[in-house]
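Novice: When you get a sec, could you build the whole thing from the sequences and use the hints?
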Amino acid sequence: MSEEKKDLGQEILKEINQDQTPTEHVRKPFLGKAAIPLLAIVTGLIIGALLIAITSQSVYAAFGESIGKGFSTAFSEIGTAYKALFTGAIGDPVRMINALGGDDAKELRQAFNPFLESLVQSTPYIFAGLAVALGFRSGLFNIGVEGQLFIGAACATFVGYSITGLPAWIHMPLAFLAGALGGALWGFVPGFLKAKTGGHEVINTIMMNWIAFRLTEWLLSGPMTRPGSGGMPISPIIQKTAEIPQFFPSPIRFHLGFFMALAVAYLIWWLLFKTTWGLNLRTVGTNPRAARYAGLSTTKSIILAMSLSGALAGMAGAVQVLAVNRSMALGLSSGYGFDSIALALIGNTHPAGVVLASILFGTLRNGATRMMVVSSIPIDIVDVVQAIILMFVAAPAIIRSIYHLRKPKQEEQQIFLSGWGGQS
Amino acid sequence: MTTDSRVIEHKRVAEISSTRKIIMGIVEILIGLLIYFAFTATTAAEVLTKFVMTPGGIDQGIMADWILPSKVTLTILAVISLVIGVYQVIKGFGKWTNLMVGISALSLIFGFLVWQAAGKQLNLAGMLSSAVLLAVPITLGAFSGILAERSGIINISIEGMMLMASMVAAIVGSVTKNPWLGLLGGILSSILLAVILGVLSIKYKVNQVISGTVINIFSAGMTAFISQKFLQHIQGLNNPKMFTRVPLPGLADIPLLGPILFNQNIFVYLMFLILIILQVALFQTRWGLRLRSVGEHPKAADTLGINVIRTRYMGVILSGLVAGIAGAFFTLGSVGRFDEGMTAGKGFIGLAAMIFGNWMPIGAIGAGLLFGFADAIGSKLSLLGSAIPPQFMAMAPYLITMIVLAGFIGKGQAPAAEGEPYEKE
Amino acid sequence: MTPILELKGITKRFPGVLANDHIDLSLNKGEILALLGENGAGKSTLMNILYGLYQPDEGEILVNGEKVTINSPTDAINQGIGMVHQHFMLIPVFTVTENVMLGNEAVKKAGFLDRKKAGDRILEISNHYNLKVNPDDYIRDLPVGVQQRVEIIKLLYREAEILIFDEPTAVLTPQEADELFKIMRSLVEQGKSIIFITHKLREVMDIADRVMVIRRGAMVGETTPAQADKQSLAAMMVGRAVNLEVDRTESTPGELVCSVENLTVADKFQNIVVDDISLEVYSGEIVGIAGVQGNGQTELVNAITGLQKSLSGKVTLLGEDVTKSSPRQITELGSAHVPEDRQADGLVLPFPVAENLVLCTYYKEPFAKGVLLQYPVILKNAEKLIEDFDIRTPNAFTPVGSLSGGNQQKVIIARELSRPIKFLVASQPTRGLDVGSIEYIHKRIVQKRDEGCGVLLVSPELDEIMELSDRIAVMYRGKIIAVVPNKGITKEYIGLLMAGVVPEEPIEFDETAVVEATF
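Line by line, the protein sequences are chains A, B and C. This note's numbering applies: residue 1 is where the first sequence begins, and numbers increase by one. This note's numbering applies: residue 1 is where the second sequence begins, and numbers increase by one. This note's numbering applies: residue 1 is where the third sequence begins, and numbers increase by one.
Rather than coming from a laboratory, the hints here were simulated on the basis of the structure. From a predicted model like this one, the values you see are computed outputs, not experimental measurements.
Examples of chain A residues toward chain C, derived with CB under 7 Å:
hint	residue
1	Thr276
2	Thr283
3	Asn287
Just so it is clear, CB atoms sit at the ideal spot from N, CA and C, and this is done for glycine as well.
Specialist: Below, the structure is given as structure tokens:
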């Protein structure tokens, strides 16, 4: 500790995350901190497989014939489904290797498209997961990411199609920023209510979700409707100048937004752990009473945290509209807002963890789309699996007892959330 | 000396501060002005508002229609609110303040209806009757919340429990062609989720808001999965027999009240039954005393030999039971079919009703009826062809929930140990 | 005669701590046994084992000569053991009757509560033992002295024979404490047996029949008040000779640093708890606020430090009106605050020591440049303070929550006193600490005074107030009912004031009266 050059932020961060070198009595668990999330994911997938088997009529039919046949059918059903999941998510390994060997650029792109598409799917997850993680670090539970995402998307869309004649380097960032602002506004309201009246953010953000759904429904079928859509709730297509560029020709959708997400994740990490603002947010989030005692404004911190969280959620919506969909419809989100809660927790509310968890979930969801086509398994199975993973991550003791892991000496990262009583 | 057992008496802020008094007065005056300028001024002098006082399709407890001169009525309502407000600012109503705010708010709502239905007719009784029906899942959700929270567990998964119960009730009800078995199935599925919530929050001490969220995500995913995999292809699985209206003999013939309260389906009666049982049981029985003690001060309860863990499990499981009834209401008492996400946030509004009702069953039902009424206004007015877009009307319950939370939380008394896992050490 | 209760070789280990080390103890019927030891010596652990809240790792418990196992409070109650906990186990929103009968309810048919029957039984007990209460009052409305009576009634309602009192006088005025001792006497006269846990020597001398002293988890001696004196008991308890008094020179008050004029503050239930208070603190003096907990001290401190809004009145600090200022503005003026509840208010437990040491100043140079935190500076600061204030911590990164209570408090003291301050508010700065830490913190506070800082000391421990203060203000039900110089006044006089009794005739100050020591 005598070296002054040492990055103290890093050191302290490690302390916060309880990543100390374990004392001599405790064996460092396999894979360290990642062990619990990884095992949770594996267990979740196993339970998902069971769900596939027990909801398959052909498995029951096969069990009717003989037990052995039943099991073999069950395994083959699961195998087909998960194989589809894998090729849908990453790609066909044989084809990928061949493409790498060959020199056909188009074939190469297409072979790797499933993987790139997974990154596309991950992009909104990263933003949304960061939104929830930032909230948790600040002691707030933002369940309103879904609504903030819708409002953000609507704002980005509006700026994207209504303004014409701007150069792309102004228009695109402007539209993206509009999305962030819209989301920030939607986060500001429950933040303000929490700070000023004590109205609990959990209920308020959920109410704001429903208001956002109704509002966008009205916008898309009224003021923002696409001319000639015949009352269908869909917006006009955004201007070319507002598009977030895709790197490859259609149908490959891999776009700049992914890297924007990584940049934002870095920014959030820097904000949380390197700046006075971040220390402020974390202090209020961990012990609001001590924060007030130390002269911090809990009111400001709560409002700032919720607005920032909302802005991140708004970016999730904006990136989806500007880079992928290019117009807004009601089916914009496949539940990013709720998945993001799981992401934040699996990622240990740390920006880097959130990025990893998001890529994993994006991959899973991308693969599930193919699984639905091949095995006609509804894509909602992903939600079920996510809920199970979230449960295991939240209650590591269950995972530890399944896999006979030792209990770490220090307690796990705790999330500090208040009850209905409000601020303190 | 200090051997007295005198109760400590403090002066109250209200005795020396007039801020609240004046703010309330200003709110009332603003309401009065709003009624006058937004409603009265935009209504023609000769128009009539006709309120039908018997719900459609009911022939018991008929009451004559109610015809009002719109402009005069609106003027009177505006004046009432203004007079209350001015008196409040100048002298104040003291302990009647809240009642007067209530009257003022009622004037606003009634004025809005008179204004919207000016020159038309509005079935007020039908609206109240559907308000009661719409209040059922919210109120039951609030009761469910009370049971869990009085024992110290925040149950944010009422929504998920309701959703799961509504689907299972639909399936069981369809397969057995018996709504009672459907109800039972729904309740059992909800209790199962409650057990998971209990194990996560009590045994594994997971943050209760997060364990609730796990259940909500699980329910949303599972119901959507099963719905898409089976219910949408196999009609026979999603066609339950519903509970029908059961007029209560005698009571159903009371004009206005009869059709609204006593000519409904079994869920409405269940709601009132649970209200009475819960209110009495919580505050008059050994069971209630112990449940509340565990929610207020688990350590104290533990030192007196009360099993905190078991009591909390009981609270959570009963919470699941009531949420199950609320869920079954959607498929067996209201729609007759399961749709994805059909609970539409009612579980969360139920929680708001619980908070608004100060964790008291009687308060919760009051709040539930208020939210139900807001919902009913929305759906009725879109039928009237109101100029306000239906989406805005549909926002009303959510907005009211937020306003109510902003205004009343903090003054309520949440169970003191709520949300804290109990560590026996 | 068989002792009514015997503990043999009780041992209890917590991770890293040997809380009880083969403790033997016996209690005879009809006696008051004092269990003396300083905070953290293991007294409470031992009693929690006896009450079934902890299980011992080794050892056995005998009641009336028979070996028993006590796995839960229910078992303890069935063995006739009852406990008055240091922090009352009462539910504020329940009535006296409800609290007393909880777990042992009087019921009619079908589980309906019979409040009347239970209430009658409470009145019966209350008359028999002279414990005056009204069964229908809500606990939250009762003064602490009465709340304690309710706790005792709870035990008698369950017909407990062995009563454990865990630090029962901590929240009482001296008069209330005397009252309690009378009650305890009358209880043993009627055949009950009492274990009395305390760290206050005076109380042991006053009431105990027999004393057992416990130190660092082990029993170090047994004696009777007749055989021992305070000095020897103190030495036994702490393990070394203790200087019972702080070296304190005459104060030299300078200019006015803080003045409070007609301040009125309400609590969150909108009750007026600070009622039209005026008070002045000069530089170089310690003004002690005496008073039983809950008489508005917390709110007064909060209002002065900007944590709570006042309804009316004015607070002036170092010449500036700070009535409406934020805590940060007040801190920046040059004031410091040692909060009453160190874990809830003073520290962020999961954060490292280093960050906690800059909790109030992290945003200023040199700890931050603009919005960028300067962790090297923050660490250097931490290492210096850890050394200066003798904070026992593995390193500056250790989460402060894993330190002992005394070291946690030292972190706060270090943070607050290391700044150039002119005004210090210290609220119960030694609550729950061991003697060593208490001595240390007292010394630091007096040192700060000598440097010319004005100090406002708030403590319910009258001994602490009398030992440190230059002037004493007594708070009772939201009012300051007297401000007296700490010279030649007696503890009894302050005690009367704390109970709200203002002597009609001015008391003659006995110049020779000796101020009692801490214990």
